[in-house]
Amino acid sequence: MIGLTEVYALAGAMFAAFALFSVRDRSNPKRFGNGAFWALLAVSFLFGSHLGDVANGVLVVILILLGGTGAMGRGSVERTSPEERARRAERRGNALFVPALLIPLIAVVGTFTLGRIRLDGAPLADPSEVTLVALALGIVMALIVALGQAKAPPQAALDEGRRLADMIGWALVLPQLLASLGAVFALAGVGTAVGHIATTWLPLGRPFAAVLVYCVGMALFTMVMGNAFAAFPVMTAAIGVPLIVQRFGGDPAIMGAIGMLSGFCGTLVTPMAANFNIVPAVLLELPDRNAVIKVQIPTAIALLACNIVLMAVLVFRY
Amino acid sequence: MNLWPLLAIAVLVVGFAAGLNPLIVILITALTAGVAAGIAPLHVLAALGRAFNSTRYVSLIWLILPVIGLLEHEGLRERARTLIGRMRAATAGRIILIYLALRQITAALGLTSLGGPAQMVRPIVAPMAEGAAESRLGTLSERMRHVVRAYAASADNVGAFFGEDIFIAISSILLIKGFLAQSGYHIAPFRLSVWAIPTALLAFAIHGVRLWRLDAKLRRMVREERP
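Going down the list, the protein sequences come from chains A and B.
Using the working numbering, read the first sequence as starting at 4 and increasing by one per residue.
Using the working numbering, read the second sequence as starting at 2 and increasing by one per residue.
Hints listed in this document are in silico derivations from the structure and should not be mistaken for laboratory results.
Because the structure is a prediction, the values reported are computed rather than measured.
The beta carbon of each residue, even a glycine, is placed where N, CA and C say it ideally should be.
Hints should not be assumed to be uniformly reliable.
Stated by the list, open to error - The calculated label-pair distances, taken between Cβ atoms and stated as ranges, are:
1) A/T8 <-> B/M222: 36 to 42 Å
2) A/T72 <-> B/R214: 41 to 47 Å
3) A/E93 <-> B/R214: 52 to 58 Å
4) A/I120 <-> B/E226: 29 to 35 Å
5) B/L176 <-> A/I5: 23 to 29 Å
6) B/L176 <-> A/T203: 58 to 64 Å
7) B/R214 <-> A/T8: 32 to 38 Å
8) B/R224 <-> A/T72: 24 to 30 Å
9) A/A16 <-> B/R214: 55 to 61 Å
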């Protein structure tokens, strides 16, 4: 059965190759920093489950110090000029899109089918992890097709991937680290403390005030945690259920649905949601790390106002 | 009630606002939260390590780098640009608007993995939007290029966030259902999906209008930069 362990092993092998190619990139003045960073990530993906919590913690701290103190750099030269790439693109035509579109196609089809395929009675893919297994399968198939089209060896693809990884740099582990910080927050009781403050210090005597504090609280708390999923249980237990539903007789389904979407308005404007806001800025080579957030701020504010009005109008009516 | 862990939020906000390296900010914030809650630093370290190990799936998307790198080497982005540059009705705003609609509809059908910044925005959507803007306005300045790219990334987020909650089996719907069930309210996922639709429509309207006005914004930037 193919599950997360196998997909992690694939990722670990990829990062190990990145480490090797990074160290060999003489155009990067900090090539050993990059090499060490990717090597540690490879160790985490290959052996993380056998290391123990403290060893994993030490690994995380070294990753943070390598990435956070400027020990990583980038190679200088792009291997091909824009003119050269334009010539290749002209020759290859729209066939270039095939592998790129194959990835989402296989990921989606695989999500719905892989869990049902059985070999000797056991499912081919772990049904609980089928989305990630299907994504990995889509990527591998697309890579095979792309290598065949380009008549290139696998090392070429790994080195191109390494070039992109060096460009993204430490931001590559930012989403995973922020998710880990969320776990530490939960352990330390940060959420409970926020809920306590919201209920004791804010005026919640009228239905509209409760809706207002709940929706704005979802957005603000999501901004802090970087994730509406972390904010939802706290705000709903503190304000949503006891006040909106129990005291003022609101509908729990409407409260839950619009409450979560108010949290998503917060996700649009926080650097804590790095995989949505910071990583795209890095990937698109924007000099301002917060450029995507700045574009999203007006939409987020207008939509949060809409959510407050929608909930106030609908939640006590149905 | 121990309110000291809130200090960690202050550290986080100040650290990000001061422009310190986010990785360092995360480490200091985690230590602050742990110590303020009376947890020994070694236990905080272990908790961080355990959490990092169990959230490795977050980083699996990077498996895509070799294939995207290879395709870009072969000219994928240049191809996307020329393909759209030839379409006369295409503008940057319209392309991103169409992508917003597609992203939101597919997310509502549960197909969130169809989009994403690494899969679609960098290799395809952003180059197409840049290509369309270039064929209308001539060579773009770096500043205008960055505006177009940031809007392309924003459409990916808005479409995914406010489309996915219409799909009944998405994790956020299941979280709402699970949490309300613990509080004694048993709700069918379908009811939650239905009440996500008004916000979804408003999200498309609000961000759609802003994308519609992107072309005018780009023309204004051209006039400012090339008087």
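Now the hints, each set against the structure:
no.: 1; hint: A/T8 <-> B/M222: 36 to 42 Å; result: 50 Å, violated
no.: 2; hint: A/T72 <-> B/R214: 41 to 47 Å; result: 42 Å, holds
no.: 3; hint: A/E93 <-> B/R214: 52 to 58 Å; result: 34 Å, violated
no.: 4; hint: A/I120 <-> B/E226: 29 to 35 Å; result: 56 Å, violated
no.: 5; hint: B/L176 <-> A/I5: 23 to 29 Å; result: 27 Å, holds
no.: 6; hint: B/L176 <-> A/T203: 58 to 64 Å; result: 26 Å, violated
no.: 7; hint: B/R214 <-> A/T8: 32 to 38 Å; result: 49 Å, violated
no.: 8; hint: B/R224 <-> A/T72: 24 to 30 Å; result: 44 Å, violated
no.: 9; hint: A/A16 <-> B/R214: 55 to 61 Å; result: 47 Å, violated
Of the numbered hints stated above, those contradicted by the structure are hints 1, 3, 4, 6, 7, 8, 9, listed in ascending order.
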